[in-house]
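Chains as they are written, first to last, in this note's numbering: chain H, 1 to 201; chain C, 1 to 999; chain Y, 1 to 416; chain A, 1 to 93.
Hints are computed from structural coordinates only; laboratory data are not their basis. Virtual Cβ for every residue (Gly too), placed ideally from N, Cα, C. Some clues are possibly wrong.
[What the hints assert, rightly or not] Cβ pair distances, simulated, as ranges: (1) G10(A) x E227(C): 49 to 55 Å; (2) G21(A) x R21(C): 56 to 62 Å; (3) P158(Y) x N200(C): 33 to 39 Å; (4) E55(H) x G190(C): 37 to 43 Å.
Spelled out, the chains give:
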Amino acid sequence: MSELLTRRHGLEFLLAELGGSRMADPGASVTIRGDLGHINLRGRASDAGFLPPVEKLLGQALPIEPNTVSGERHQVFWLGPDEWLIVTPAAGALELAERLRQATSGTHASVNDISGGQIALMLQGAECRELLAKGCALDLHPSVFAAGDCAQSGLARANVLLALMDATPTFMIVVRRSFSDYLCRWLAHAGSDVGIAFRDA
Amino acid sequence: MQPQRLPTGGRIDRSKPLIFRFDGRKFEGYAGDTLASALLANGVSIVGRSFKLRRPRGIVGGGAEEPNAIMQIGKGAHAQPNLRATQVELYDGLVARATKGWPGARFDLGAINDAFGKVFSAGFYYKTFMRPKSWWHLYERVIRASAGFGRAPVEKDPDHYEHRNAHCDVLVAGGGPAGLAAALAAGQAGARVMLADEQNEFGGSLLGAKRNVGDAPAEEWLRRTIESLAALDNVTLLPRSTVFGYYDHNFLAIAERCTDHLPEADRAGVRQRLWRVRAKQVVLAQGAFERPLAFCNNDRPGVMLASAVSQYIRRYAVRPGRRAVVFTNNDSAYETALDLAEAGSSVVIVDSRAGGAGPLGERAAQAGISVIAGHVVTDVVGRRRVRGVQVAGWSGNPAYLVESSIRIDCDLVAMSGGWSPAVHLHSHAGGRNVWDAERHCFVPGETTQANVSAGSCNGTLSLRGCLREGNESGRAAASRCGFEAPDIELPSTSEGHENPLQPLWRVPADAEPERCPKQFLDYQNDTSVADIRLAVREGYRNVEHVKRYTALGFGTDQGKLGNINGMAVLAECLGKSIPEVGTTTFRPAYTPVTFGVGAGENVGDLYDPVRKTAIHEWHVAAGAPMENVGQWHRPWYFPRDNEDLHTAVARECQAARQSLGIMDASTLGKIDARGPDVVDFLERIYTHNVGTMKVGRCAYGIMLGEDGMVMDDGVMARVGEQRFYLTTTTGGAANVLAWLESWLQTEWPELEVFLTSLTDQFSTIAVVGPNSRRVLEKLGCSIDLDKDSFPFMTVRDAELGGYPVQLFRVSFSGELAFEINIDSSYALQMWKTVMAAGEEFGITPYGTETMHVLRAEKGFVIVGQDTDGSVTPVDLGMNWLLSKDKDFLGKRSLARPDCVRDDRKQLVGLLSPDNGTVLPEGTQLVETPDAPVPVPMCGHVTSSYMSACLGHPIALALVAGGRARKAETIYAALPGREPMPVTVTAPVFYDPKGERQHV
Amino acid sequence: MRKYSAFSLVRNALSHNRKWREAWRSPDPKPEYDVIIVGGGGHGLATAYYLATEHGVRNVAVLEKGWIGGGNTGRNTTIVRSNYLWTEASLLYEKSMQLWEGLSQDLNYNVMFSQRGVYNLGHTLQDMRDIERRVNANRLNGIDAEVVSAEQIGKAIPFINTSPDARYPILGASLQRRAGVARHDAVAWGFARAADARGVDIIEQCEVTGINRDGGKVTGVETTRGVIKAPRIGVVVAGNASVLAAMAGLRLPIESHPLQAFVSEPLKPVIDTVIMSNAVHGYISQSDKGELVIGAGIDAYNGYGQRGSFQTIEHTMQAIIELFPVLSRVRMLRQWGGIVDVCPDACPIISKTPVGGLFFNCGWGTGGFKATPGSGWAFAHTIAEDRPHELNAPFDLERFTTGALIDEHGAAAVAH
Amino acid sequence: MLLIECPWCGERAETEFSYGGEAGITRPADPGALSDAEWADYLFNRSNTRGAHRELWNHAQGCRRWFGVERDTVTYRISGSFRLSGASDNREA
């Protein structure tokens with residue numbers, strides 16, 4: 001596989017368009033993490049042929065508690081009772097997917113590299129809870145949604161995976177590629193009163 | 001110069017004079033005024049006209065209940081119709097116009113209606129305007145022109161609005177004494193509290209009150225309480241915020257007005273915000289509305305609610321009249337009399353009760369106010385402004401007629417018929433309201449959601465009671481959320497005993513209501529006592545019928561003033577009690593809310609997401625107009641040099657057929673399906689035999705609904721023993737995945753299959769035409785692309801031009817074609833790479849329109865265009881796709897009698913003999929050219945194009961029994977033209993043997 | 001029945017409006033009738049009226065649980081049109097349209113049928129294909145219909161957003177000029193008054209609690225006001241059809257859903273026609289009083305609560321602003337919800353049932369109000385003759401077994 | 001707006017879910033053996049209960065699981081959510 005190929009997250013045009021609105025002290029900032037790879041993993045946690053080899057390979061436990069993140073070597077997000085998302089540096093994603101596939105080859109499991117199908121946006125800043133609350137019906141109060149929590153929900157009119165990565169706060173928003181342009185435009189509009197800046201990772 | 005402004009007092013800022021205009025006249029008010037208080041300060045008495053009779057009307061109330069002062073505020077794009085002057089905060093430069101009356105509210109030519117008041121009785125329009133039949137639209141034009149209040153702006157709204165989702169333990173609706181006490185108790189307990197109040201300041205009835213709470217003046221208590229609340233991190237204070245709807249599962253909607261109170265030049269940011277609140281507990285504390293009294297001409301400017309009079313004096317330092325008559329059936333209006341006296345007005349109290357008031361009566365006497373007990377105001381003198389009242393003795397006898405009366409000159413009537421708790425939100429929430437026979441009002445009854453009412457909206461009118469109930473309900477609500485409030489000592493209040501209210505729903509006059517001047521119940525709709533009686537006489541006896549027939553309560557105040565009196569009059573007519581007549585259901589909105597705030601940010605460009613492919617920006621740069629397909633934007637065609645659609649499409653088609661075309665097909669739905677039972681599962685879903693497919697093979701597959709109708713189609717490929725790659729239509733992608741999951745999870749959970757959407761992961765680039773193989777070879781492909789190594793309808797993993805791809809040899813055009821499936825991160829580069837490599841072949845990008853033409857030439861259907869939910873695969877001639885060896889979803893339905901008819905509409909081709917007319921899509925087909933109306937139709941055109949490569953138009957159609965009618969002539973019924981004969985053909989026009997795609 | 005006219009208004013005004021007669025009586029139920037109509041909504045009252053006028057069946061009772069016209073008749077957005085796609089549906093609705101056109105005169109009650117035209121907007125190429133198809137079918141069926149361009153729409157409807165840059169630009173529309181709106185309450189009252197004058201007993205506050213049968217035939221109903229006998233029973237209780245069907249041991253292909261609507265505060269005339277949009281889901285007209293009357297969508301879940309979820313209202317406000325950006329500052333005065341019973345093919349059932357003498361009229365979904373006179377006319381025929389009229393024969397229960405559905409979901413423009 | 005409890009994700013706003021109609025309608029094992037009327041009953045007829053209703057919901061914006069809900073169709077009160085038999089659960093591990 002050629003490592004010379006350049007990945008594009010597809011928001012390059014939008015960044016150029018929104019670039020003019022950069023400001024010194026924005027209430028919220030969005031970092032487009034095109035450098036991250038995404039792997040969708042399906043399998044039954046009760047299956048001895050699945051969980052142990054996967055955890056061994058990853059070197060960390062899969063989050064079994066719904067809507068939590070396990071964040072050690074990779075960020076692993078609970079998506080459903082038999083579904084996880086692994087977020088890892090893009091460069092190694094394809095290879096990790098292949099190794100996961102091999103590790104689970106003896107059982108009913110599914111591994112799909114979906115790095116090109118979705119994009120992670122990191123949202124930071126003092127106002128980001130208020131900003132998210134404009135379009136998301138989840139209760140994001142620190143006492144309810146703490147670091148290490150994640151949830152799939154709607155943000156404006158897009159489906160997203162939302163996770164609180166740290167309490168500063170830093171939210172990760174994972175959105176499908178085809179909705180990412182819309183979602184960034186929505187964030188730019190909704191964030192205009194507190195000031196919002198976009199940048200590439 | 002504000003003639004009615006008191007020299008001192010009030011919560012206005014006399015150092016900040018504000019200039020405003022009303023109906024073109026210039027006035028001055030102060031910061032802290034409402035438009036209503038400023039108008040009253042300036043002695044403006046007529047602020048509007050009534051809806052039907054166009055009677056002059058003045059300000060009656062002080063808040064949300066105001067029915068008369070309905071204003072158009074602002075101009076141009078910033079105009080806001082129908083605001084109540086009582087709720088508009090004054091700002092510098094405010095421009096207001098009355099919304100009723102032509103040419104104006106002061107002088108209105110429509111006032112002639114009043115002279116015919118008896119003709120314009122309730123429901124008169126149901127009884128006339130019927131002849132001649134054709135004139136109704138003329139009558140209606142007149143009716144419409146005279147209806148309505150304000151005008152919608154004629155420019156696009158320049159403001160923006162937003163939504164805010166919120167969660168809390170305790171939401172307190174209303175920031176008067178009860179609400180403040182509740183919020184404080186819950187907040188101090190540690191609960192997450194939201195306190196919303198519709199006014200600019202918290203405090204409700206305590207604003208401007210001249211009484212003590214505890215050992216301090218009320219306003220001091222207010223200041224301390226609000227400070228305490230503001231200091232709590234767990235409390236959110238929302239002034240200027242109306243809780244307008246209480247929906248299921250403790251979801252409440254609040255409209256916050258952020259900038260409406262500012263001069264236009266100072267407004268920035270969000271104009272209004274919709275709080276969408278999910279509360280664990282709700283404390284309702286919206287207070288109560290004072291009831292008017294129904295006496296003759298009780299709508300004259302200068303007749304006001306007593307509490308509103310007090311409010312104007314205390315809070316705004318405005319004296320609404322110099323010579324006042326206070327007309328009451330209860331003690332509370334005595335406070336108003338005292339306020340008036342203190343403001344220097346002369347006051348007479350007319351009390352319907354023979355015994356008068358309790359201790360307040362003594363205070364009134366001490367203040368030198370004369371009280372005429374056992375009397376009622378029967379009529380008002382004066383037309384454009386109160387000049388006096390007729391007062392008569394009344395024994396309390398329900399026979400209601402009174403005799404000789406005396407006249408008292410005055411310029412203000414402050415009336416009080418008691419209080420109606422604001423049970424609206426309780427009612428929205430599904431709670432019942434029950435009649436309290438002691439207090440003569442509806443109070444909140446059993447509730448169905450997690451809410452409690454406190455204070456005067458619960459029928460508790462005393463300040464002491466409000467504070468106590470507020471505190472208790474706040475504590476209890478917090479406690480139910482797991483927070484314990486510390487005990488606090490409630491401040492004492494000085495309140496004496498009150499004499500009970502005497503029910504007085506309709507004030508007796510010297511004649512029955514039909515003969516005496518109108519006694520209004522609903523000011524805005526001109527509904528009078530006589531109208532209610534008329535409705536009953538005519539058989540409209542249910543309260544809902546009465547309301548609808550007389551329009552009682554259908555004004556913009558939604559009956560906040562008049563409903564109870566109207567129901568009581570109805571009860572009297574029917575000889576029933578008020579609770580027997582029943583209550584009416586209050587529906588949101590509590591007060592009106594703009595569409596803009598309801599819509600929030602989801603308007604304009606953000607109305608609905610635009611989904612874009614990874615190659616979208618290239619299409620835009622190439623100048624392609626976009627077609628909406630589902631939420632996607634797909635390039636429609638790629639015009640060169642100002643080409644029109646048809647020229648461009650003809651060129652694109654020729655390129656694809658003769659050399660090389662390229663299309664972005666990324667919007668197709670893509671699903672990875674795998675697992676030990678995947679074959680078993682897909683056998684049940686698809687109509688064809690899936691199990692016999694070899695790895696690497698592709699198949700065209702359709703899926704049916706259980707009703708047997710074609711639901712979706714697409715190529716599916718077996719990419720492993722236990723792994724399939726399914727594609728769906730663009731519009732059907734999400735539905736198909738949800739549909740498959742629903743069967744897996746609800747019906748066949750024993751099947752081990754995982755489904756994963758790959759729609760966004762892979763972009764699809766279709767490379768189409770005789771030179772497609774050559775261009776891929778030129779790029780450098782890791783697999784052999786020749787016919788035998790990579791035959792039609794197969795799939796291979798490959799490396800193409802250095803990119804890992806999944807290569808499909810499929811064709812939706814009938815030409816030799818390849819579909820490159822590639823990680824979307826690389827799709828744009830791949831597209832550009834192919835474009836560059838294809839230059840020597842004249843590679844031509846094409847859009848959805850050319851795709852449609854190419855596929856129609858081949859007779860390939862588009863689900864949703866050539867089908868409509870009533871088309872079976874048999875109708876489409878796809879019997880070959882229906883396995884006889886297995887069951888599949890929808891199979892049973894195909895055996896129903898109606899599905900086996902041989903005269904069902906079937907897919908055919910149509911050719912026009914003249915070879916010139918492109919039949920419009922949607923053209924209906926008929927058997928004979930000259931059948932009489934209604935003309936039986938035998939089908940319709942589903943797809944129709946000019947075929948550039950065939951040189952003539954082609955059409956696909958659904959025709960009854962069509963397959964057996966090849967070469968027959970039927971007729972296309974073209975609007976405005978002679979029916980055109982067309983010939984039924986097979987639906988495949990081009991390369992019927994399919995040789996071109998197999999090369 | 002004393003005649004209503006301008007003259008009667010003046011004459012009565014002179015006697016202080018004290019001599020008006022009641023519009024309909026409030027009789028106690030008789031022990032037995034020839035026909036019982038269960039449901040005192042517009043359809044039920046129309047059925048009784050046409051039983052009396054068209055078939056001479058006057059010994060009829062209309063039993064109403066609450067107050068007449070209190071269900072969907074009093075809760076709709078008052079749109080009347082007949083431009084349906086399929087011939088079966090369009091002929092039935094056209095029959096209704098023809099009755100509407102003379103209804104005020106027939107009933108001597110002004111139902112304010114205002115033929116101000118209805119536009120069904122198209123926003124995508126497929127919408128426009130569907131519009132062409134439907135308009136062509138309408139014309140062949142003798143129903144007035146035309147396709148209008150975005151430019152024509154822009155000229156005819158002030159303030160509508162015809163910008164090509166809109167998220168879903170308006171590409172064109174179908175227009176039925178004879179279509180329009182009517183005053184909803186007046187329809188129930190007018191039919192009630194006219195039916196009453198012909199001998200029909202309208203009995204309010206009388207809830208049917210059971211359907212009595214003997215063998216395979218009905219004998220009468222149990223009600224909160226006692227047993228009432230009748231050999232023929234017509235059930236027309238929009239929203240509650242399944243509940244009544246269960247009393248007779250029947251299952252119906254129907255689900256009840258909340259449908260919401262709202263009105264603005266009264267405004268000076270700004271919208272002079274009726275505009276409906278499918279892709280941008282919303283529909284709007286302006287009442288004679290000046291209120292904008294706006295229809296929202298159906299809530300997905302089953303519900304008998306006469307209320308739906310707020311996000312449905314939000315979506316509709318967004319749709320209205322998309323179509324009319326100038327209405328953003330206009331305010332919603334009041335919202336409400338009704339219960340609609342929805343058939344799988346979005347078409348009604350006007351049918352005999354497997355129980356002898358028991359007839360059902362239901363499943364109108366969002367299309368009931370406009371059908372009121374036609375529905376009553378066809379149902380009266382079905383009950384009186386014990387067989388459907390050819391207009392409603394396709395709308396029998398059998399179609400769900402044979403598969404002969406009349407699918408108005410697809411191309412029939414926004415349903416209601 | 002309803003508040004629905006997903007058996008996995010907890011209480012979420014109605015907008016995250018899609019409705020699946022009456023629960024407990026089982027696809028006939030051998031549709032071919034059914035009469036047209038029996039097939040129509042499976043296909044179209046619904047209890048459409050006024051009152052306590054067992055129904056299906058899908059946490060469409062969330063974990064994509066189908067589950068059952070018991071809800072009153074008049075008051076809209078939800079008395080509980082339940083997993084469908086056979087539903088996978090990684091907490092069993």
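**Hints that the structure is at odds with (numbers, increasing)** = Of the numbered hints, just 1 does not hold.
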